[in-house]
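Asker: Could you build all of it, start to finish, from the sequences and the hints given here?
As a plain string of letters, each chain reads:
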Amino acid sequence: MSTPIKDVLQTLSRHADLVAQALAGVVVVGDDVSHTEILALRQVGALRPVGDDGYRLHPRLREYLQDHLQLFPAFQSLADIGAKITLLKSLWDEVELLRGDRESVVGMIDELQTTVLDIGDTMNRNMLQLQILMSTRYGNVRSLEAKKSQNRFYQKQTSALSGDVQRLAREAERVEREASIRGRDDLARFIRRQLLTNMMSWQHGLSDMQTFLRNEIYRLRVVEQDLKLLARTDMLLRQQPGWRGFEVDFSGEIPDFLLATCLSPLVAHSEPMESDSGMVDEMATLARALPSRAAPLIPAEAPKRYTRIVDPPAPRPITPAMKALGRLLRDVSTAEGGLSLIEWRDGNVDAQTMPPSIWLVLALAALRAGQHEVHLVHNLPRDGERFAHTFKDARAFPKRKMIPKVAHRQGAAV
Amino acid sequence: MSRIESALKRLAEGCFVCAYHYPDEFETLQEAGGKRQAEEWLGLIGYRLARLGEDGAFFMAHSIVTNEMRSGLREEMRAVRTKLDPIVHFLEVLRETQGRDPHIHPGDMIWESEISEAVRANSRLERTLNEMREISGSRTTDSSIDRVRRVLEQLVKAGYIVETNAASKGYQVTGKVQYLYQLLNFINENTPLLSDDGVVDSIDTQLRLDVPDGDRSGLQSP
Numbered sequence: 001m002s003t004p005i006k007d008v009l010q011t012l013s014r015h016a017d018l019v020a021q022a023l024a025g026v027v028v029v030g031d032d033v034s035h036t037e038i039l040a041l042r043q044v045g046a047l048r049p050v051g052d053d054g055y056r057l058h059p060r061l062r063e064y065l066q067d068h069l070q071l072f073p074a075f076q077s078l079a080d081i082g083a084k085i086t087l088l089k090s091l092w093d094e095v096e097l098l099r100g101d102r103e104s105v106v107g108m109i110d111e112l113q114t115t116v117l118d119i120g121d122t123m124n125r126n127m128l129q130l131q132i133l134m135s136t137r138y139g140n141v142r143s144l145e146a147k148k149s150q151n152r153f154y155q156k157q158t159s160a161l162s163g164d165v166q167r168l169a170r171e172a173e174r175v176e177r178e179a180s181i182r183g184r185d186d187l188a189r190f191i192r193r194q195l196l197t198n199m200m201s202w203q204h205g206l207s208d209m210q211t212f213l214r215n216e217i218y219r220l221r222v223v224e225q226d227l228k229l230l231a232r233t234d235m236l237l238r239q240q241p242g243w244r245g246f247e248v249d250f251s252g253e254i255p256d257f258l259l260a261t262c263l264s265p266l267v268a269h270s271e272p273m274e275s276d277s278g279m280v281d282e283m284a285t286l287a288r289a290l291p292s293r294a295a296p297l298i299p300a301e302a303p304k305r306y307t308r309i310v311d312p313p314a315p316r317p318i319t320p321a322m323k324a325l326g327r328l329l330r331d332v333s334t335a336e337g338g339l340s341l342i343e344w345r346d347g348n349v350d351a352q353t354m355p356p357s358i359w360l361v362l363a364l365a366a367l368r369a370g371q372h373e374v375h376l377v378h379n380l381p382r383d384g385e386r387f388a389h390t391f392k393d394a395r396a397f398p399k400r401k402m403i404p405k406v407a408h409r410q411g412a413a414v
Numbered sequence: 415m416s417r418i419e420s421a422l423k424r425l426a427e428g429c430f431v432c433a434y435h436y437p438d439e440f441e442t443l444q445e446a447g448g449k450r451q452a453e454e455w456l457g458l459i460g461y462r463l464a465r466l467g468e469d470g471a472f473f474m475a476h477s478i479v480t481n482e483m484r485s486g487l488r489e490e491m492r493a494v495r496t497k498l499d500p501i502v503h504f505l506e507v508l509r510e511t512q513g514r515d516p517h518i519h520p521g522d523m524i525w526e527s528e529i530s531e532a533v534r535a536n537s538r539l540e541r542t543l544n545e546m547r548e549i550s551g552s553r554t555t556d557s558s559i560d561r562v563r564r565v566l567e568q569l570v571k572a573g574y575i576v577e578t579n580a581a582s583k584g585y586q587v588t589g590k591v592q593y594l595y596q597l598l599n600f601i602n603e604n605t606p607l608l609s610d611d612g613v614v615d616s617i618d619t620q621l622r623l624d625v626p627d628g629d630r631s632g633l634q635s636p
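Chains as they are written, first to last, in our numbering: chain F, 1 to 414; chain A, 415 to 636.
The reader is advised that the hints may include incorrect statements.
What the hints assert, rightly or not - Cross-link-like lysine-lysine pairs, in silico, DSSO-like; alpha carbons within 30 Å at most:
(1) Lys583(A) <-> Lys228(F)
(2) Lys6(F) <-> Lys84(F)
(3) Lys571(A) <-> Lys228(F)
(4) Lys497(A) <-> Lys228(F)
(5) Lys423(A) <-> Lys497(A)
(6) Lys323(F) <-> Lys228(F)
(7) Lys497(A) <-> Lys583(A)
(8) Lys423(A) <-> Lys583(A)
(9) Lys449(A) <-> Lys423(A)
Think of the hints as simulated: they come from the structure by calculation, not from any bench.
Answerer: Below you can see the structure in the form of structure tokens.
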């Protein structure tokens, strides 16, 4: 038996290829699409004209197929439940108004129950769609800008749906409460089962989605900031080749990433195995490098004794100065009236080996060391000076000889 | 070697364990048991388990910050350029080759063929790449493709990307790149060098050669 529904389904089945093609986009009459096929689908209302010669799939049929295949385009809108909530409210109000007309009320309640089921189905579909989008991060866009736009789109969609769910909760609770009061327990139970028990999971699901979207929007903002900083750092490094770093105060808390570290690498200590050919070769190399036999024992040596070596005393050479000084000391010892050192030098060859000034100082030092009295013969003071500072000769006397008064008059002793 | 052992070894080596570079180890550290084991082991030797962000790569961090460490970090920041060169240049080249849709964040895919093609099509990028002295092993006779390959190899060696498709030369950005971004953010927060505060974009009115001198004043900005 042929029915209108069977005819429609058979037509769709016969032209399934064209339906699939139309699901992807607008179809036009051409090589692979015949006018007859288009006409057949047009007759059952599956295709609708668009533009001059194009045809598109009926929106409800497209929606059904996408639901069934779980194919969601990048900007798939969530199904609206606002109109259905309004219908639910209107139907219940009419049921209240037509309380006496039993037949009409039954029809209205049937319609109301169908609306409740539709709302439940639509919400479940929306939640499924959102879950799929969340699990795939609705990644079917190619650019960052498109992703941002998509985020905004779904944020608005979920906000609107969230508002609708709140409204639905209010209306459903009101209808359920009033139905209970009016003795329509079946209807109240039906609403509880179909709507109120699911309300919490729907609201939680929407809340999760909104949180996810907020995080996603934040993440994209971070991505943009990262890329901007990367570009600027690259520019900084190129434009300022002398820049090495910056000063920062680390007295406070330090970010975790700066504390990243690693352990020092350990030197491997592998156990040599007979089966390891590399290790066998290594051991053979080491064995060949060993000395051929044990080294002979070295006899213990007696402890060495050390003797201090002292140079033999060397005879001191007799210098002309020494000879002259020896002679001078002897002569001074016998000279009761003293003698002049300069005059004495004139008569001694050894003393003449030294300049007069050197001789004078040497003889003075030697005589004073031998406790002889020596008196200097000073030069006259220079012009402008009150005292004489230089001497030209000295007179030496034997030991414990009194100083003649003449010397005192001549000047102070040095 | 068990997964947790491998994960601990990677952490001790100073690796950033993420879902793209060491997926098994990352999965182990994500689990409560694995994470607890890692924290206990690291705690015993004076370190701790840390992450780059909430869901970023795991790494080993110092548990206690000493004064010497603070001084060391200060010195590191004084010479932070050594940490930035040449990775920043390489990643910036990759970013520029990807046009308006750059993807150099953890998990993003990079294809050598696409990068090479973009470099060949853009003489400025080609010149930039040719002038890069930081590319290790590069020769003056290298083509742009060779240089792109060397850059990618160097990034693999540094742990910023990992080869996931050897046949078609596909690479995936690892979680370590977050370390670099966090460092850049830190520099931005502590220096005015990367900030755009006070920067005013302006376009000077262009002088036209075909306009007489007397009429130029009308073209100039007030």
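Asker: Are the hints correct? Go through all of them and say.
Answerer: Against the structure, the hints come out as follows:
no., hint, in the structure
1, Lys583(A) <-> Lys228(F), "27 Å, holds"
2, Lys6(F) <-> Lys84(F), "29 Å, holds"
3, Lys571(A) <-> Lys228(F), "25 Å, holds"
4, Lys497(A) <-> Lys228(F), "18 Å, holds"
5, Lys423(A) <-> Lys497(A), "24 Å, holds"
6, Lys323(F) <-> Lys228(F), "102 Å, violated"
7, Lys497(A) <-> Lys583(A), "27 Å, holds"
8, Lys423(A) <-> Lys583(A), "28 Å, holds"
9, Lys449(A) <-> Lys423(A), "14 Å, holds"
The structure does not agree with numbered hint 6 stated previously, though it agrees with all others.
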